[in-house]
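Enquirer: Here the protein sequences come in this chain order: G and D.
For the first sequence, this note's numbering begins at 48 and goes up steadily by one.
For the second sequence, this note's numbering begins at 48 and goes up steadily by one.
Some hints here could point you the wrong way.
As the list makes no split between identical chains, a pair holds if one copy fits it or if it spans any two.
For lysine-lysine, the following DSSO-like pairs were computed, each having C-alpha atoms within a straight-line distance of at most 27 Å [unchecked claim]:
#, residue 1, residue 2
1, K80, K296
2, K59, K249
3, K69, K296
4, K80, K294
These are computed hints drawn from the structure, not numbers from a lab.
2 protein chains.
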Amino acid sequence: MKTFDLKSYLKKQRAIIDAALKKWLPMEDGPSKPVFDAMQYSLMAGGKRVRPIIFLAGAEAVGADMAGLLPFACAIECIHTYSLIHDDLPAMDNDDLRRGRPTCHKVFGEAVAILAGDGLLTYAFELMTNQALIGHISSESVLRAVSIISKAAGVFGMVGGQTADILMEGRDIDSKTLDFIHRHKTGALIQASVETGGFLGKGTQEEIRQLKRYGMALGLIFQIIDDILDVEGDKTLMGKPIGSDAKKKKATYPALFGVDEARHSVVFLLNNALSCLEAFDEKAEPLRAMAQYVVERDR
Amino acid sequence: MKTFDLKSYLKKQRAIIDAALKKWLPMEDGPSKPVFDAMQYSLMAGGKRVRPIIFLAGAEAVGADMAGLLPFACAIECIHTYSLIHDDLPAMDNDDLRRGRPTCHKVFGEAVAILAGDGLLTYAFELMTNQALIGHISSESVLRAVSIISKAAGVFGMVGGQTADILMEGRDIDSKTLDFIHRHKTGALIQASVETGGFLGKGTQEEIRQLKRYGMALGLIFQIIDDILDVEGDKTLMGKPIGSDAKKKKATYPALFGVDEARHSVVFLLNNALSCLEAFDEKAEPLRAMAQYVVERDR
Chain G
48 MKTFDLKSYL KKQRAIIDAA LKKWLPMEDG PSKPVFDAMQ YSLMAGGKRV RPIIFLAGAE
108 AVGADMAGLL PFACAIECIH TYSLIHDDLP AMDNDDLRRG RPTCHKVFGE AVAILAGDGL
168 LTYAFELMTN QALIGHISSE SVLRAVSIIS KAAGVFGMVG GQTADILMEG RDIDSKTLDF
228 IHRHKTGALI QASVETGGFL GKGTQEEIRQ LKRYGMALGL IFQIIDDILD VEGDKTLMGK
288 PIGSDAKKKK ATYPALFGVD EARHSVVFLL NNALSCLEAF DEKAEPLRAM AQYVVERDR
Chain D
48 MKTFDLKSYL KKQRAIIDAA LKKWLPMEDG PSKPVFDAMQ YSLMAGGKRV RPIIFLAGAE
108 AVGADMAGLL PFACAIECIH TYSLIHDDLP AMDNDDLRRG RPTCHKVFGE AVAILAGDGL
168 LTYAFELMTN QALIGHISSE SVLRAVSIIS KAAGVFGMVG GQTADILMEG RDIDSKTLDF
228 IHRHKTGALI QASVETGGFL GKGTQEEIRQ LKRYGMALGL IFQIIDDILD VEGDKTLMGK
288 PIGSDAKKKK ATYPALFGVD EARHSVVFLL NNALSCLEAF DEKAEPLRAM AQYVVERDR
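Sequences and hints are given; from them, build the entire structure.
Expert: This is the structure:
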């Protein structure tokens with residue numbers, strides 16, 4: 048099954064998502080223009096679009112096409128981007144570079160960066176509930192999808208994980224707490240992305256259950272690889288300084304278990320992710336290839 | 048029509064909203080507990096609950112009862128509280144006191160305060176889309192209400208207004224820009240509150256149109272009185288220092304036109320607000336009394 052051309056697939060999907068983001072990105076002249084500029088700056092900073100691609104691939108895996116799902120794909124990317132803007136703030140991770148460019152607060156100042164994050168998060172819900180855009184999905188399904196995504200993005204998911212991550216900085220951490228951080232900070236939104244893709248694509252309960260399991264495994268792989276790249280990665284490829292986790296005494300998998308053990312965990316999780324897709328046919332090939340890609344990525 | 052006992056009404060409504068907030072306030076032990084504590088600290092800091100009360104009064108005015116609407120009332124208060132937490136941050140208004148108590152970031156630190164705001168904003172959408180709580184409103188109506196509220200809270204509403212407010216600090220401002228700030232920063236969410244109340248309460252299109260007009264007038268009154276109180280108010284009653292707007296060179300109505308002219312505008316807006324309610328019967332008495340109350344408040 049090595050015939051699937053992931054590189055072309057990713058390029059095609061990214062172009063579709065970028066075009067949709069561009070189309071629906073809010074813009075208004077007037078006294079509040081800088082917040083629109085800041086949102087655009089961060090949203091169009093050349094992200095990999097992993098979450099919206101995974102979301103669409105979840106729908107594809109259960110046989111749905113993606114027409115009508117793009118507002119959700121864009122909303123998920125808005126939520127991800129808001130989290131990056133707020134994470135980069137001086138009071139949080141205090142990062143100056145993101146994707147090779149100055150972070151939002153470096154360009155627009157802290158106040159506008161905070162507001163741009165707030166604006167993107169809120170705009171995600173505008174997009175998901177915009178009935179003109181999501182016409183042919185039932186209101187019940189839209190509501191349930193928004194519910195899943197809001198839970199994954201909030202205190203029981205991403206916000207909770209980021210809180211634990213920030214608070215554990217510089218402190219000794221056990222594997223249980225590290226697992227909590229990874230599952231919440233990174234796993235929850237990736238899981239919710241593929242789950243809502245399968246759900247809005249009208250997958251069966253069992254299909255959605257397997258997609259959820261796949262999503263969490265993928266999220267954990269993603270985070271561990273991120274941590275490994277912070278130790279071993281290439282600064283130019285990464286677009287940010289290497290070793291910043293260690294400098295901030297961040298809780299990471301390689302810091303706790305070493306890089307070799309971290310790589311073993313990744314292999315285990317990859318097998319786990321692929322096993323969740325066993326009952327799916329070739330339409331799940333993008334999800335299978337994405338898992339491979341996340342393991343092998345160098346940026 | 049002076050028989051309506053607003054004081055008792057407000058006390059009763061506040062108790063109902065406070066009980067609902069307490070019941071649905073998220074709480075979780077574990078590594079992310081501080082963000083839950085910070086959300087609770089700010090949400091239960093003794094707010095006046097103006098927005099959720101206005102929301103419920105909008106539903107009451109069109110003859111609906113409030114059963115099933117409380118998740119929305121709580122969500123609106125979560126959105127309002129998140130905006131206060133973020134507004135108070137050092138990078139924004141840099142306020143140490145709110146409702147007579149230290150602001151969220153003073154107690155929990157900036158990082159957790161940012162995350163508590165993010166958490167409350169996201170939780171508002173969890174509450175509004177929680178199908179176990181909002182069982183008997185149609186999914187179509189819930190979706191449309193969430194759409195209205197997200198738009199009013201986001202860059203086309205509150206976030207946009209706050210951006211303009213922050214950016215105009217210390218700069219000369221014209222009345223058009225001041226009007227933009229007031230309508231977006233304060234007016235939009237108050238308007239959306241009473242509008243969605245009327246909408247979810249199944250008001251007619253004309254009723255909802257009048258409630259919207261009422262809501263914007265009320266929002267503008269609210270903001271102008273706020274600005275007047277910052278000039279003339281009592282520090283003990285207000286729970287925060289007086290004169291802080293002038294110290295920060297904030298754009299305010301009294302600063303631009305003087306206190307007398309500001310009071311004239313309030314009278315004009317009050318008449319305007321009351322005229323929107325002319326076609327409503329005695330069930331709109333709370334809304335009429337609320338407008339009076341907002342004009343006469345001293346804190």
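Enquirer: Hint by hint, which ones does the structure fall short of?
Expert: Violated: hint 3 alone.
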